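From first to last, the protein sequence lines are chains A, B and C. The first sequence begins at 107 in this note's numbering and counts up by one. The second sequence begins at 31 in this note's numbering and counts up by one. The third sequence begins at 245 in this note's numbering and counts up by one.
No lab work stands behind these hints: they were computed from the structure. Note that the structure is predicted; figures quoted are calculated from it, not measured. We put the CB at the ideal spot given by N, CA and C, even for glycine. Treat the hints with care, since some could be wrong.
Claimed, not checked - Quick list of in silico lysine to aspartate or glutamate cross-link-like pairs, EDC-like style, CA-CA up to 20 Å:
(1) B:299 to B:272
(2) A:346 to B:34
(3) A:344 to C:321
(4) C:550 to C:416
(5) A:349 to C:321
(6) C:381 to C:370
(7) B:237 to B:294
(8) A:349 to C:333
(9) B:32 to C:323
(10) B:240 to B:224
(11) C:550 to C:470
(12) B:32 to C:321
(13) A:349 to C:260
(14) B:299 to B:266
(15) A:346 to C:345
(16) A:314 to B:124
(17) A:314 to B:62
(18) C:460 to C:370
(19) B:32 to A:347
(20) A:119 to C:260
(21) C:317 to B:294
(22) A:314 to B:66
(23) B:67 to B:174
(24) C:381 to C:345
As the list claims (entries may be wrong) - Reference excerpt, derived from the structure (chain C facing chain A, CB under 7 Å, subset only):
(25) 276
(26) 280
(27) 282
(28) 304
(29) 305
(30) 322
(31) 323
(32) 326
(33) 332
(34) 334
(35) 336
(36) 337
(37) 340
(38) 352
(39) 358
(40) 501
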Amino acid sequence: MSEIMAIASGTWKNILRMKVVYFLIFCVWVLVGIASMYEILTIGHHKPLMMDVSLVLNAIAASLVVLSVTFEIPRELRQGVAATLLTKSLGRTQYLAGKAVGICVAGFVICALIAAGSLIIYALTFSEAIAGPMFQAHFLLIISIIPMASMAVFFATLFPEVAAPVLTIIAIWFAYSTGIIANIPVVYGGLLPNLDLFNFKSHAVYLKPIPILYMILVTVWGIAYALFLLMLTSFFFKVKDIK
Amino acid sequence: MKKDTVIRFMIMIASLAVASYLACILTPMQSDISQEKNFLTKAPVAGLHKFFADVAWMRFINFAGGLSSIDSTNVDKVSRMLEKIIAYDPNFVESYQSGVLSISNADPKLAVKLLEQACANPHLAHNIQIPFYAGFILSRTIVDQNNPDKILSEPDYAAAARFFRMAIQRTRDPESYLISNYIHAKAKARGGEESLAVLSVLYDEWKMSKAGKDEIYSDYCQIPDIEERLVKATREAKYPIDDEGRLLKPSQKALELIAKVQQEILFKKHLCENCVTPAAPGDKFCGTCGHAVKTWGVCSCGHILSSKAYCTRCGKKQ
Amino acid sequence: MEEYVIQTEDLTKSYDSWFKKASRPALNKLNISIPKNCIFGFLGPNGAGKTTTIKILMGLIRPTGGKAVVLGKPYDDVESKNRIGFLPDSPAFTPTLSALEFLDVCARLLKIPSDTRKQRVEEVLEIVRMAPHAKSKIGTFSRGMLQRIGIAQAILNKPDLLILDEPLLGLDPYGRQEFKEIILAQKQQFQASVFFSSHILSDVAEICDNISILNKGKLLCAGPLDTLLSGGGEGVTVDISGTVHVRELITEADQVVKKGNEEWELFFKKPESALLSRINNLSEQFCDAVQIRKGGEDLESFFFKKIEEDNARNN
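Just chain A, with the same shape it has in the complex:
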């Protein structure tokens, strides 16, 4: 466990030290605040617009954080950083798990900052208390980073530096869209990810509460699916030559 946390700490420090991350968070806050100026253009629909914009931008930020590992793992493999680490008493599965955990922690921090800032801006702009469904929608979005991180680690391990980010983004788009396209739970949700299970943006906008049981179950699903994908990735990674 300590090995996994050692790799994870290196990963999240790597991401959270990038100044561009905080610049992007600030830009998101500004964009959320700007939504309040759309009162006339939306005929009074600017409040739900602000909430929706904050959720959409948070979702994009989560995807970008997850995408960073698709650059990091191939680069570490290419440059030899991974070789240095893997020659310690660190199993390859532990390395992958550490990377996934590191990305999750970095994503949680960044998305939590975005969510907190957005909700504060909302409260200050409209002098309203934040409703429970708004927190719930942001929470689910943050939790969706867990299966997304495992997807990113999967593609980053199996594919080269150029292809991995592209394939990851396509996979995330696909995973978010399957809930609408097809309704075969064992396939979409079992073998293939169904990120639409975390998508409750309209609930935040229309202030419809999400049952706590659902939130707990979907979190467990995210962890189970991430574990499945990480183990599958480890089978491929174990036989890969690290040159």
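Dock chains B and C against the given chain A, drawing on the hints supplied.
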């Protein structure tokens, strides 16, 4: 096979089984929580439906705001924009209340279709404006603004009445205008003389309100002030007026119905039998038509006495 | 305790792709045994298979055939890595972490207890003379500084076995000298075995007890350095500067080579004890002018001879 490989394989299978099982539970659970997903477009927009609806709404406002009016020359484009918004967000109330209404003069059929779709949306189950707008459009004759000879839609009072009834059923305390529109639409659907039709509608509604538990009417809706409406309708049926304001003679059918209503419902009210105007306690004659009226007194306790033998408040014999 | 720290048996690696078989294997049935507590030099020209061998021993790549045992355990055993220190040929570390942070990550991976971790990290930074740069980001380091950090992370856990791939690359002469002292200290203080590959033959000759030479994936020779250079027999080579001392020994030498203006190399195949004693006295008296080397050739000549013989055989 190495021990480590076996363990990883078992973890993989176990987590896959858990994920599949949970997915089988979560998918229907999510459908129950977010019932609008059944109405959402199948376009793969990666869960950004609401955002796309917002953008489409702003584009619609921008476009429609630049038009002097929405008519047959531009209604197709406006309609497409509205349909897009609704496809992305079926719960978007403003798109129905402002958007759909704005096209009702140019394409009333589509407007009613979209409003009907909205009426089926469980999220909008408590919205009374949407069914009201549908009934309102259906109860008018709409002509092409550019060509007044071309009728775009004829009134369909039966359908209009159905929507007005839906609106009334969605609230515990329906507004007066809702009830009036419902009754008049239903009356027009029945056809014939309007005042008789109104009275017959109100009478049927009253009968339904008194129905036992084993007689359930799907088209029943509670009209709170039905007896007051019956009083007014009886009066209007007894003294019908034509379009030019001339007093007409009531038909035999009307008189029969009026008698029935007076016998079954209005007897307990202190009304003039002739002109169905309410009388005050102590009156011996009607102030409107001079006809004799049954005198209702006032008990020493202050309660108005009807024709009964005892005061219904203090029990004093009269 | 194991007698050999590394043993390979018919170790083979072939980089065949889906479409094309490799023209020759990168490693072809390599059989080496590295004894405990020795400094072993692993030599060969570019493309000989040295790095491939080292990566197999570290579990980074899988062999196509054969076996490799490191510290008594299979090459891919994870736990035994706690006793091994490894320095890759082009060390690369997470650029956004500081030296201290990176070494802390390595220390955690090596399961160094938390109460001694910080102290040990500072200790190794002192040893490799990188303490002033402890808090600087690794991304700002020069090649030589990276090499020093690489050595630091390799000796962090006081390993029983040090495996180093081109460790002297990128180091200036002072750095190379310090590094050689570190290697010798690891052997003497911690009884560590050292297995390293290098192209700098003079350094190898200076510190190695045993060597092996690889060419095109095949082992050409392996064994104690002295034995190999003397051709299997006993012999003494004397390097002399200045004609004064040459006159005393030249008539008794079996082989005389003039290397420079006043530089001579005298080879005595089987010197008698009296002669050996005279040579030793001269060396002690005039240590700058007279230097004794055991064995028949210098390592460089031996190396080139072996490679050329092998290439000629294959052609």
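Each hint, compared with the structure:
{"no.": "1", "hint": "B:299 to B:272", "result": "violated, 28 Å"}
{"no.": "2", "hint": "A:346 to B:34", "result": "holds, 17 Å"}
{"no.": "3", "hint": "A:344 to C:321", "result": "holds, 12 Å"}
{"no.": "4", "hint": "C:550 to C:416", "result": "violated, 29 Å"}
{"no.": "5", "hint": "A:349 to C:321", "result": "holds, 19 Å"}
{"no.": "6", "hint": "C:381 to C:370", "result": "holds, 17 Å"}
{"no.": "7", "hint": "B:237 to B:294", "result": "holds, 10 Å"}
{"no.": "8", "hint": "A:349 to C:333", "result": "holds, 11 Å"}
{"no.": "9", "hint": "B:32 to C:323", "result": "holds, 15 Å"}
{"no.": "10", "hint": "B:240 to B:224", "result": "violated, 24 Å"}
{"no.": "11", "hint": "C:550 to C:470", "result": "holds, 16 Å"}
{"no.": "12", "hint": "B:32 to C:321", "result": "holds, 11 Å"}
{"no.": "13", "hint": "A:349 to C:260", "result": "holds, 14 Å"}
{"no.": "14", "hint": "B:299 to B:266", "result": "holds, 17 Å"}
{"no.": "15", "hint": "A:346 to C:345", "result": "violated, 28 Å"}
{"no.": "16", "hint": "A:314 to B:124", "result": "holds, 18 Å"}
{"no.": "17", "hint": "A:314 to B:62", "result": "holds, 12 Å"}
{"no.": "18", "hint": "C:460 to C:370", "result": "violated, 40 Å"}
{"no.": "19", "hint": "B:32 to A:347", "result": "holds, 19 Å"}
{"no.": "20", "hint": "A:119 to C:260", "result": "violated, 39 Å"}
{"no.": "21", "hint": "C:317 to B:294", "result": "violated, 103 Å"}
{"no.": "22", "hint": "A:314 to B:66", "result": "holds, 12 Å"}
{"no.": "23", "hint": "B:67 to B:174", "result": "violated, 36 Å"}
{"no.": "24", "hint": "C:381 to C:345", "result": "holds, 9 Å"}
{"no.": "25", "hint": "276", "result": "violated, 19 Å"}
{"no.": "26", "hint": "280", "result": "violated, 21 Å"}
{"no.": "27", "hint": "282", "result": "violated, 21 Å"}
{"no.": "28", "hint": "304", "result": "holds, 4 Å"}
{"no.": "29", "hint": "305", "result": "holds, 4 Å"}
{"no.": "30", "hint": "322", "result": "holds, 5 Å"}
{"no.": "31", "hint": "323", "result": "holds, 6 Å"}
{"no.": "32", "hint": "326", "result": "holds, 5 Å"}
{"no.": "33", "hint": "332", "result": "holds, 5 Å"}
{"no.": "34", "hint": "334", "result": "holds, 6 Å"}
{"no.": "35", "hint": "336", "result": "holds, 4 Å"}
{"no.": "36", "hint": "337", "result": "holds, 6 Å"}
{"no.": "37", "hint": "340", "result": "holds, 5 Å"}
{"no.": "38", "hint": "352", "result": "holds, 4 Å"}
{"no.": "39", "hint": "358", "result": "violated, 9 Å"}
{"no.": "40", "hint": "501", "result": "violated, 43 Å"}
The structure does not agree with the numbered hints 1, 4, 10, 15, 18, 20, 21, 23, 25, 26, 27, 39, 40 stated previously, though it agrees with the rest.
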